[in-house]
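Asks: Could you use the hints to bring the two separately framed chains together as a complex?
Taken in sequence, the protein lines are chains W and X. All letters in the first sequence, in the order written, are residues 1 to 110 by the working numbering. All letters in the second sequence, in the order written, are residues 1 to 112 by the working numbering.
Hints listed in this document are in silico derivations from the structure and should not be mistaken for laboratory results. Just so you know, even glycine gets a beta-carbon here, dropped at the ideal spot from N, CA and C. There may be inaccurate statements among the hints.
Cross-link-like lysine-lysine pairs, in silico, DSS-like; alpha carbons within 27 angstroms at most [as the list claims (entries may be wrong)]:
1) W:Lys-105 to X:Lys-9
2) W:Lys-109 to W:Lys-70
3) W:Lys-109 to W:Lys-59
4) W:Lys-70 to X:Lys-57
5) W:Lys-59 to W:Lys-70
6) W:Lys-57 to W:Lys-109
Simulated DEER-style distance windows between Cβ atoms [claimed, not checked]:
7) X:Glu-54 to W:Asn-93: 29 to 37 angstroms
8) W:Val-50 to X:Thr-15: 43 to 51 angstroms
9) X:Gly-52 to W:Ala-78: 46 to 54 angstroms
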Amino acid sequence: TQLLEQSPQFLSIQEGENLTVYCNSSSVFSSLQWYRQEPGEGPVLLVTVVTGGEVKKLKRLTFQFGDARKDSSLHITAAQPGDTGLYLCAGANSNYQLIWGAGTKLIIKP
Amino acid sequence: DSGVTQTPKHLITATGQRVTLRCSPRSGDLSVYWYQQSLDQGLQFLIQYYNGEERAKGNILERFSAQQFPDLHSELNLSSLELGDSALYFCASRRTGGDTQYFGPGTRLTVL
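Here chain X stands alone, though its shape is the one from the complex (with noise of 0.2 angstroms):
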C-alpha cells in the first residue's frame, strides 16, 4: 500500500459526459501528479500540482483541467469525453526534496 489513494477505481461512462476523478496524497506529501495509461503503453505525464498551485503541465488535453485543493487532495476533471479517452488514470504524490514518486491504485474509465 503505496498511502495515496484514488477514487473511483472503476468508471464507465458515455460520449461527451463529465467525470471527476480523485486523488489522495500521502499523508505530509505536497506534490500530486496526474498521469494517463493507455492500453499496454507506458505513463503519459498529465499535471503536476504542488500545495495548491499548478507547477507543471505535459501532455493535458483541453478538455482535462485538474485542481488541489487546501486539504491537499486533487480531482482531475475530464469533460466532452471522447472514447479515446479511455485509460487508467493515475495520480502520484512526492514528498517535497525527493525523487520518488508514490502511485495510487488508478481509476479505470471507460467510454462507450
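So here's chain W without its partners, still in its complex pose (with noise of 0.2 angstroms):
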C-alpha cells in the first residue's frame, strides 16, 4: 500500500516568518502535487513535480521533488495571512491515481 505522510498536520506561526512543509514516502510516484484549499471549497492545484530533483518557484512559494521522486517539500519564504489554508499534496502512481497526504492546517497571524 503506497503512503504519503505529510508533516506537520498544522502550523500556526507569525506573518513574516519561513515555513516548510513535508511530504514522504518510501514509494516513487512519476509526479507529485500541491494544492491549497480553502474553507468550504475545492482543492486548488499549485505546482506539479515531475523529475528527481526538480526546483519549481512560484513567488514566495518554492517546491522541491526529491531526487528519487519519493519526497517533497513546500518552503513559504516571509509568510502572509493570506497563505492561510489546507496544503495537501498528492503523489501520481503508474495508473494515474493520486496518493493523497493527510494535509498541513497552515495559520499565519497577522
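Replies: Below is the structure:
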C-alpha cells in the first residue's frame, strides 16, 4: 500500500516567518502535486513536479521534488495571512491514481 | 474556475434518507473521481470512473454508489444516510494521460 506522510499536520506562525511542509513516502511517484484548499472550497492545484530534484518557484513558495521522486517539500518565505489554508500533497502512481497526504493546516497570524 | 461543476452546493437532509450528488467534468476529461472530506481532514478517495466504467475503488461504503453516464457526467448516490456521512463531497476530473486532477467546488452534505 502506497502511503504519503505529510508533516506537520498543523502549523500556526506569525506573519513574516518562514516555514516548510514535508511529504515523504517509501514509494516512487511519477509526479507529485501540491494543492491549496480554503474552507468550504475545492482544492486548487499549485504546482506539479515531475523530475527528480526539480525545484519550482511560485512567488514566495518553493517546491522541491526529491532526487528519488519519493518525497517533496513546500517552503514558504515571509509568510503572509493570505497564505492561510490547508495544503495537500498528492503523489501520482503509474495508474494515474493520486495518493494523498493528510494535509497541513496552516495559519498565519498578522 | 476549474471547469468542473457540482450540484447542489449545499444539501441538508435527515438520517435514513437518500441523496444524489451530481458532477460534470471538464470538457474532454474522461476520468471522474469522487472524494469525501470530513471537517478539517484530508481527502478520502471514494471511487473513480473512466469513460463510463468503474476504474478504481477506495474507501466507499456499500450504502454509497456512483455511475458515469454517456455524456460523462457522474452521480454519487448516498443512501440510508447517517450523521457521520455529513461532509464535503468533491468530484475531480482528469485528462487522459495527465496526472493532474481538477476539483469542483464541492457539495456540503449535512445529515440531521
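Asks: Evaluate each hint against the coordinates.
Replies: Comparing the hints with the structure gives:
1. W:Lys-105 to X:Lys-9: 23 angstroms, holds
2. W:Lys-109 to W:Lys-70: 32 angstroms, violated
3. W:Lys-109 to W:Lys-59: 20 angstroms, holds
4. W:Lys-70 to X:Lys-57: 24 angstroms, holds
5. W:Lys-59 to W:Lys-70: 24 angstroms, holds
6. W:Lys-57 to W:Lys-109: 23 angstroms, holds
7. X:Glu-54 to W:Asn-93: 29 to 37 angstroms: 18 angstroms, violated
8. W:Val-50 to X:Thr-15: 43 to 51 angstroms: The hinted range 43 to 51 angstroms holds for Val-50 (chain W) and Thr-15 (chain X), with Cβ atoms some 45 angstroms apart.
9. X:Gly-52 to W:Ala-78: 46 to 54 angstroms: At 48 angstroms between Cβs, range holds.
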